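Residues per chain, in single letters:
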Amino acid sequence: DTGVSQDPRHKITKRGQNVTFRCDPISEHNRLYWYRQTLGQGPEFLTYFQNEAQLEKSRLLSDRFSAERPKGSFSTLEIQRTEQGDSAMYLCASSLEGLADHNEQFFGPGTRLTVL
Amino acid sequence: AQSVAQPEDQVNVAEGNPLTVKCTYSVSGNPYLFWYVQYPNRGLQFLLKYITGDNLVKGSYGFEAEFNKSQTSFHLKKPSALVSDSALYFCAVRDRHSGNTPLVFGKGTRLSVIA
Numbered sequence: 007d008t009g010v011s012q013d014p015r016h017k018i019t020k021r022g023q024n025v026t027f028r029c030d031p032i033s034e035h036n037r038l039y040w041y042r043q044t045l046g047q048g049p050e051f052l053t054y055f056q057n058e059a060q061l062e063k064s065r066l067l068s069d070r071f072s073a074e075r076p077k078g079s080f081s082t083l084e085i086q087r088t089e090q091g092d093s094a095m096y097l098c099a100s101s102l103e104g105l106a107d108h109n110e111q112f113f114g115p116g117t118r119l120t121v122l
Numbered sequence: 033a034q035s036v037a038q039p040e041d042q043v044n045v046a047e048g049n050p051l052t053v054k055c056t057y058s059v060s061g062n063p064y065l066f067w068y069v070q071y072p073n074r075g076l077q078f079l080l081k082y083i084t085g086d087n088l089v090k091g092s093y094g095f096e097a098e099f100n101k102s103q104t105s106f107h108l109k110k111p112s113a114l115v116s117d118s119a120l121y122f123c124a125v126r127d128r129h130s131g132n133t134p135l136v137f138g139k140g141t142r143l144s145v146i147a
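Sequences listed follow chains A and B, in order. Taking our numbering, I'd label the letters of the first sequence as residues 7 to 122. Taking our numbering, I'd label the letters of the second sequence as residues 33 to 147.
Source of the hints: derived by calculation from the structure; they are not laboratory data. Some hints here could point you the wrong way.
Claimed, not checked - One side of the interface only, derived from the structure: several residues of chain A facing chain B at Cβ under 7 Å:
hint: 1; residue: G22
hint: 2; residue: Q23
hint: 3; residue: Q47
hint: 4; residue: F51
hint: 5; residue: E58
hint: 6; residue: F71
hint: 7; residue: G104
hint: 8; residue: G114
hint: 9; residue: P115
These numbers come from a predicted model, not from an experiment. Where is the CB? At the ideal position from N, CA and C, for every residue including glycine.
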């Protein structure tokens, strides 16, 4: 399968612990996005990368959240000092964008985080 | 600011009947519009998009959507629903003229096709 993959698929942690999620995009895609989805809501944008550069961060991305894409391939999203409100599905997506900037994003299956 | 409204949380339709899932949007400029579908335990899958040109866009699995600029709508349609179409559908918008703005998604509409 050459789609977007995410690891782990599920994570249960205790409040105050740190967690890290990984996303492997489609290999030739230059853009990588992170979203958060809670029950009954659509995906909410968190941040995105163009190759290894992080170009935009949502105000939803508090100081406890950090994302990296060090070599322009896979990405990690770390949440420090988790809170119960961080419980959500974290989605990764990738796309191949040129000047037109309207190509579809391909989504991974998501990582479901539960903070106890 | 961009926004998307999906006014129906749930749409029920009998198998074989036509279906419509509604979407309206708000952007300051001209939009790029997308529909995605989410099946249980699977990631969002792209269905179709409107960029420019013909207002009727055809996509995967027999779905189509009509862009209506005057009504700022992009309703998803299918002439004959299948039970396998039952899923969660999301409309999304990006403002074409606002640089690298992210996609903004609606809350989703759950489609239930009854045999």
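How the hints compare with the structure:
Look at G22 of chain A: its Cβ only gets to about 29 Å from chain B, farther than 7 Å, so that hint breaks. Proximity of Q23 of chain A to chain B is violated relative to the hint, the smallest CB-CB distance being about 25 Å (cut-off 7 Å). With a least beta-carbon distance of about 6 Å to chain B, the hint placing Q47 of chain A at the interface is held under the 7 Å criterion. The interface hint given for F51 of chain A holds, since its Cβ lies 4 Å from the closest Cβ of chain B, which is under the 7 Å cut-off.
Among the interface hints, the one on E58 of chain A is violated; its C-beta lies about 16 Å from the nearest C-beta in chain B, farther than the 7 Å criterion. At a threshold of 7 Å, the smallest CB-CB gap from F71 of chain A to chain B is about 15 Å, leaving the interface hint violated. For G104 of chain A, the suggested interface contact is broken, since its CB lies about 12 Å from the closest CB of chain B, more than 7 Å. Interface restraint check: G114 of chain A against chain B, minimum CB-CB distance 5 Å, threshold 7 Å, status holds.
Contact between P115 of chain A and chain B, as hinted, is supported at the beta carbon level, the nearest pair being about 5 Å apart and thus within 7 Å.
Checked against the numbered hints above, the structure breaks hints 1, 2, 5, 6 and 7 and satisfies the rest.
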